[in-house]
Structures are given as C-alpha cells and as structure tokens.
Amino acid sequence: MTRRTPLAAIGLGLSVVLLLLWSLFPLYYAVLTSMESGSGIFRIRWWPEAIDLGNYRALFATGAFGRSILNSVLVAVLVVTASAVLGLTAAHALGRIRFRGRRLILLAVLAVSMFPQVAVLSGMFTLIRGLGLYNSLWGLALAYLLFTLPFTVWVLTTFIRELPVEIEEAAIMDGAGPFTILTRIFLPLMWPAIVTTGLIAFIIAWNEFLFALTFTLTDDMRTVPVAIALLTGGSQHELPWGMIMAASVTVTLPLVALVLVFQRRLVAGLTAGAVKG
Amino acid sequence: MMAVLALVAVWPLARTIWFGFTDASLTAPGDYGLVGFANYLEAYDGAWYGILADPTWWRALANTLIFAAASVTLETVLGIAMALVLNADFPGRGWVRAAVLVPWAIPTVVSAKMWAWMLHDQFGIVNAGLMALGVIDRPVAWLADATTALPAVILVDVWKTTPFVALLMLAALQTVPRDCYEAARVDGIPAWKVFVFITLPLIRPALAVAMVFRLLDALRVFDLVYVMTGNAEATMTLSVHARQQLVQFQDMGYGSAASTLLFLVVGLVTILWLAVLRPDRSAAGGRHGGAGA
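Protein sequence lines correspond, in order, to chains E and C. Taking our numbering, I'd label the letters of the first sequence as residues 1 to 277. Taking our numbering, I'd label the letters of the second sequence as residues 1 to 293.
Simulated from the structure, these hints should not be mistaken for laboratory data. No residue lacks a Cβ here, since even glycine has one placed at the ideal position from N, Cα and C. Watch out, some of these pointers could steer you wrong.
Stated by the list, open to error - Each pair of labels, with its calculated beta carbon distance range:
hint: 1; chain 1: C; residue 1: Leu65; chain 2: E; residue 2: Gly101; range: 33 to 41 Å
hint: 2; chain 1: C; residue 1: Leu41; chain 2: E; residue 2: Pro48; range: 39 to 47 Å
hint: 3; chain 1: E; residue 1: Glu166; chain 2: C; residue 2: Asp187; range: 26 to 34 Å
Said to hold, decoys possible - Here are the simulated SDA-like pairs of lysine to any residue, each with C-alpha atoms no more than 20 Å apart in a straight line:
hint: 4; chain 1: C; residue 1: Lys193; chain 2: C; residue 2: Pro177
hint: 5; chain 1: C; residue 1: Lys193; chain 2: E; residue 2: Gly63
hint: 6; chain 1: C; residue 1: Lys193; chain 2: E; residue 2: Leu12
hint: 7; chain 1: C; residue 1: Lys193; chain 2: E; residue 2: Ala8
hint: 8; chain 1: C; residue 1: Lys193; chain 2: C; residue 2: Leu173
hint: 9; chain 1: C; residue 1: Lys193; chain 2: C; residue 2: Leu78
hint: 10; chain 1: C; residue 1: Lys193; chain 2: C; residue 2: Ala81
hint: 11; chain 1: C; residue 1: Lys193; chain 2: E; residue 2: Gly11
hint: 12; chain 1: C; residue 1: Lys193; chain 2: C; residue 2: Ala183
hint: 13; chain 1: C; residue 1: Lys193; chain 2: C; residue 2: Tyr181
hint: 14; chain 1: C; residue 1: Lys193; chain 2: C; residue 2: Thr175
hint: 15; chain 1: C; residue 1: Lys193; chain 2: C; residue 2: Arg204
Claimed, not checked - Which bits of chain C does chain E cover? Going by a derived footprint, with three or more residues having C-beta under 8 Å, they are:
hint: 16; stretch: 118-126
hint: 17; stretch: 238-249
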C-alpha cells in the first residue's frame, strides 16, 4: 500500500474519478435541469448556461409544496422523538436486565424489520382508520415506528451492552434511582448513539413512500416524496420536468448536507446495526 | 416498546393474513364474509380462479425474483470493487467516501424521478450520450419498452444501494489485519490471489449479512418500481401487484391474500438463503462467528 507503481497510481486515480462521476452525476444533472426554463429543458446540455430559479419560484408559489415539506418535517420529528424515547427505555431493559425470553424478544424485534411493507398494509389501514388517524400526520408517524423502532432498539441495545456496568453500580451505591441513572448517566454517555439512530430514523421517515401514499388523502397532508411523485403540470401530456427536478433538489440537499456532516457517525451506526445484527 | 411494536407490526400482520381469507372491500372493511382459500385458489365450473391461477401474479413473481437476483449480484460485485478503491490510500479519501454515500442519501422517489428524466426517450441525456458515442443510432424508450424497462429499474436500484454494500464491505476490509497483506507481498503473491484467498474469506461473514439485508429489501421493492413505471406489467413486482389489488381495485380480501403470499415468499427465500449459508458461516471461523442475522 505504501509503494505504488505509476501504472497502479493512474488506475486508482481513474477508478476514483469514475466512482465520483457515477455517484454524483445524476444529482448534478438534476440541479442543471432544475435551473432550465421553458423550452431550454428539452435541449441536452452538459454545463449550465444561465441560472434561472423560475422553477423554484413556481414550485413554492402555490404553497402546497411548502406545506408538504412542513408535513415531512413534523412527521420525521415525531418519529425520531418517539423511537428515541421508546428505543432507549427498551434498550436499557434488554441490555441490562436479565429476564427470561430476552433473546426471543430481540429475535422478534429483528424479525419485524424484515416484514414486507405491503404485508402489513391492509392491517395497518384498518388500525389507522379504527384509531381515527386516517389522513393525519399522527397516523403516518405511528406507521413509521414499524421501521424505525426495531432498528433503534437493536443499535441502542448493542451500545448499552458495551458500556461498563461499574458506572451504574457506582451510581446505585450512591443512592441514585432508575430515573436519575437514565437521565444523568446513560443519556450523556449514549448521546453519540442516539444522534446516529435519530439521524437514520429521520432519513427513513423523510423518504418513506408507500404508507404516505396510501394513508393520506388530501394535498395538505402529503409528505414530500408523495408530493413529488404526484406533481403534474398544467397539461396532462407533458410532465413539468423542470419543476420536478427543482422539488427533487429541494428535498435532497438537506439530506445530502446531513450525510456529509455526520458521515463518520452514520457509517458507524449503519455498520453497527447491520454487522452486529 | 413491545406493546407499540405489537400494535404497529404483529397486529396489522395478523389482520392482513385474516383478511386474506375474506371478501372484504377497502371501502367497507368492517363488512365481510369468510371465503376460505378462494382468494388463493378455487375451482369453479371447471376453471381455476384466485391468485395462484392468475398469470399476472406469476409474472410479478418472476419479475421480483429476477429483480432481486440481478440487483443483489450486481450490488455485491460493484460494492466490493468500490470498497477496495475506497480502502486504498489517496489524498481526499474522506471526501470521496462521503460523496459515494450521496446516492444512498437521496430519497428513493427522487432517484426514481431523476433517472426517469435521464432515461427519457426524447430528451434524456442517456440517449443523447449513447448516440454521441455511436452505441445506439436512435433514441430508446428505456422505460416504455418491455424488454428494457426491468433492466433500467434494476440499474437505478443498483446505483442507489451499492454505497450501502460498499460501506459494510469497507468496514469489513478494515478489520483484515495488515500483516496478512505484508506477508503476501514479501512472498510475491499476485494481487488477485491475495484477494481471492485472503481478503474474500475474511470479509465473507460481513458479505453474507450485507447480502441478506439487500435481498430482503429487493424482494419487497415498491416505490422505485411504482414511481418509474407505475403498474406496468413488464416491471410489476409482488409489492406493486398486491397494492394494486388492495388500493386501486379496492379488493381488500384478494389484496391481503397477495400480501400474505409475498410475506411467505420473502420468508421462504430468506430461510433458503440462510440454510445455504450456514455451513460456510461455521467454516469461516469462530472469530467472526455470530455475525449472521
């Protein structure tokens, strides 16, 4: 790895360039298209010629898309909060307290993460209808716990197991109650793990499509993926590609920024969740 | 936590299986009668009815299996290649690693739309590029043509999920002890032999886990296919088929039965896969043991 022949260096350089092109070109092209106006969009271009934000203005002009973004943010925050609170308490129990059937519960949690979404669709539909949560953000948030909870519990349980028990024992000796232990000792120690799982839960909630498409009815309850999938222009025959790309770029850039900033944390979380699972 | 999990997972699944034996409709889910296995297979007047007698379902099953097999294979090969590149030392490696994650971070619906635009038959850049290179002499309607639609969808799935595989492989590569490579270099063993006989066996457990994860995801694929090609039969997967019955045709009983079948297919493939893998895993050594799902 230390010495490299010129040929190998060129090969490596080429593969890196190829890798970057393969990964980034579609996003670059989407940004390019989103800044084209009128008929300009139908000419193939590789470089931007003029920056025109007309598509972005048109996108936000009616307020419907802004509303979708707000919905997505609300649902994602609800999901992240609920899965963090539930996941943390469950992970504490599963990671620290010995009881019968603990392995079984962990296996059941893992099995849930393998459910095909469609397999719970009709059951979930009646559940959400029964609770009166159809076409509401609460219903979506509840449904999303199906994906985020198993994952959160797994990663947090693994993390708790790696923390030394002595800290807790010392705290108990000093007379700390369970609540104090959780908030004053575990929370500060587990902060990195919580941020990682929260971030991944946020991404899952932000991207989910099937439930959001099925459990919402009206424009004002849509989340961004559904809004993008259903975006149509004035004419039925031609899709407003410029606007679709503007919408795509708008919902993607925050995620890309998050991923770039938290890259190390994310990699650690994903590999912990997958490899140790 | 278990109560919530039971509420959002076990109960809906049980309800879905139950609805599969009824003639419930989505418009009035409370009003139904039991029909036994009629949604699955029923003989009536000398002809067969039900999902298992429906050519559309078999087509969807074939599409799903092709999709899963092709996409998992390609992702694995490309993912390992990508991880090998990322594992090398070069300036700006951290940035390249972050950049490679971008396709994974892009919402599925967005990547489906982005690629649908790039694959557009008249204005798409893929056609323009291939024509400029002289590979094709007139535009191809990638997503409308029955023969190219499924490969096109597979390509987009591979694009989107290879970073995930690469990430897991990179993590595994970094656990391979350096002295193994050094010993190999001293002995003058060619690089490909080092890869096949040293690297591959050592990352095998992690590879198996990554493949199981991807296989499960690929078998239940919905949004990518739905957004790119809608309910077109050429690309319809089991998830798309089940949702079409359930939501579009409002046939909750039939759709639930289709969903239950999908659940069984996923379970069956996973069990088969794990059964195939098991001997390898114990052979791969105790140090990495227990990495399986």
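Verification of the hints:
At roughly 36 Å, the beta carbons of leucine 65(C) and glycine 101(E) sit within the given window of 33 to 41 Å. For leucine 41(C) paired with proline 48(E), a C-beta distance near 58 Å fails the hint of 39 to 47 Å. Distance hint for glutamate 166(E) and aspartate 187(C): a CB-CB separation of about 46 Å, inconsistent with the stated range 26 to 34 Å. This hinted pair checks out: lysine 193(C) and proline 177(C) have alpha carbons roughly 17 Å apart, not beyond 20 Å.
Of the pairs offered as hints, the one joining lysine 193(C) and glycine 63(E) is violated, with about 60 Å between alpha carbons and a cut-off of 20 Å exceeded. Note on lysine 193(C) and leucine 12(E): the hinted pairing holds, with a Cα-Cα distance of about 19 Å set against a maximum of 20 Å. This hinted pair checks out: lysine 193(C) and alanine 8(E) have alpha carbons roughly 17 Å apart, not beyond 20 Å. In summary, the hint linking lysine 193(C) to leucine 173(C) is supported, as the alpha carbons are separated by about 16 Å, within the 20 Å threshold.
Taking the CA atoms of lysine 193(C) and leucine 78(C), the gap is about 19 Å. The hint holds against a cut of 20 Å. Our distance criterion of 20 Å between C-alpha atoms is met by lysine 193(C) and alanine 81(C), whose separation comes to about 15 Å. A threshold of 20 Å between alpha carbons decides the hint, and for lysine 193(C) with glycine 11(E) the separation of about 19 Å falls inside it, so the pair holds. Straight-line distance between C-alpha atoms of lysine 193(C) and alanine 183(C) comes to about 13 Å, which keeps the hinted pair within the 20 Å bound.
Restraint check for lysine 193(C) and tyrosine 181(C): the C-alpha separation of about 11 Å stays at or below 20 Å, so the hint holds. Under the criterion of a C-alpha separation no larger than 20 Å, the hint pairing lysine 193(C) with threonine 175(C) is consistent with the structure, at around 19 Å. In summary, the hint linking lysine 193(C) to arginine 204(C) is supported, as the alpha carbons are separated by about 16 Å, within the 20 Å threshold. Check result for the stretch 118-126 of chain C against chain E: holds, 5 residues qualifying (beta carbon to beta carbon below 8 Å, three or more required).
Here's how the stretch 238-249 of chain C fares: 6 of its residues keep a CB closer than 8 Å to some CB of chain E, so the rule of at least three is met and the hint holds.
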